[in-house]
Amino acid sequence: KAGVTQTPRYLIKTRGQQVTLSCSPISGHRSVSWYQQTPGQGLQFLFEYFSETQRNKGNFPGRFSGRQFSNSRSEMNVSTLELGDSALYLCASSLEGGGTTDTQYFGPGTRLTVL
Amino acid sequence: AQKVTQAQTEISVVEKEDVTLDCVYETRDTTYYLFWYKQPPSGELVFLIRRNSFDEQNEISGRYSWNFQKSTSSFNFTITASQVVDSAVYFCALRCYVIKAAGNKLTFGGGTRVLVKP
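Heads up: the protein sequence lines correspond to chains Z and X, in order. Quick note: the first sequence uses the working numbering, first residue 1, plus one each step. Quick note: the second sequence uses the working numbering, first residue 116, plus one each step.
Chain Z on its own, in the form it takes in the complex (with noise of 0.2 Å):
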């Protein structure tokens, strides 16, 4: 079965400007999960998307927003880049998405750098 897959896989972009970054979950996996990751705040969680619906979102701007889609594959936008956006951003999909035996797959993650 294929790994989670995360589209692309490193993206320069200058201030103001707006990303897309696209994550393909397991096959089955209904939920799909955001994650930044800094070298100052580590690893923060963004926000959930099961069954094309946002559950759950961290403590990030409006900036950042995302969607699922009806086939589980999800994106994020984050708007009007700023230099402290740059980061990894790691995709991760369970199957239940907070069921007893559910557990988060991480994808290889999109590295962002923001100039």
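I should point out that these hints are in silico values taken from the structure, not numbers from a laboratory. Predicted model, so just to flag it, every value in this text is computed and none were measured. Be careful, since some hints might not be right.
Stated by the list, open to error - Ranges between beta-carbon positions, derived for each pair:
#, chain 1, residue 1, chain 2, residue 2, range
1, X, 163, Z, 28, 17 to 23 Å
2, Z, 17, X, 182, 44 to 50 Å
3, X, 184, Z, 80, 42 to 48 Å
4, X, 179, Z, 30, 25 to 31 Å
5, Z, 57, X, 196, 38 to 44 Å
6, X, 172, Z, 17, 50 to 56 Å
7, Z, 101, X, 173, 15 to 21 Å
8, Z, 71, X, 195, 38 to 44 Å
9, X, 122, Z, 115, 22 to 28 Å
10, X, 175, Z, 115, 43 to 49 Å
To be verified - Counterexamples of contact, computed for chain Z against chain X with all Cβ distances above 12 Å:
#, residue
11, 18
12, 22
13, 75
14, 83
15, 94
What the hints assert, rightly or not - DSBU-like, lysine-lysine: derived pairs with alpha carbons at most 30 Å apart:
#, chain 1, residue 1, chain 2, residue 2
16, X, 153, Z, 13
17, Z, 57, X, 232
18, Z, 1, X, 153
Glycine included, C-beta positions come from ideal geometry on N, C-alpha and C.
Position chain X relative to chain Z; hints supplied.
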């Protein structure tokens, strides 16, 4: 609020030594789940183990073992006979279960970098 603390920022060992990673968590929930993930230089978080709060049995899986103690809110992880390929950053994570619809958020510790020298 949930919190995970990994007090060790970096551990350096020589190959074949055992490595124990400490993890202390805080939560008010009675049902929760604890995880260990490994992040090699490639960046992908690799799932290692999961433990449920209602099951304190400690287990061994290959070279990995873990010690879950609810009384001290600790979930320590040991790599036996370390190998160079074990060099990575290891993260402890906590997920709380309120209701299933509440979602799937993981709270991570700061990570412990393990360097295994040949």
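Problem set entry | Violated hints - listed by number, lowest first | Of the numbered hints, 9, 15, 17 do not hold.
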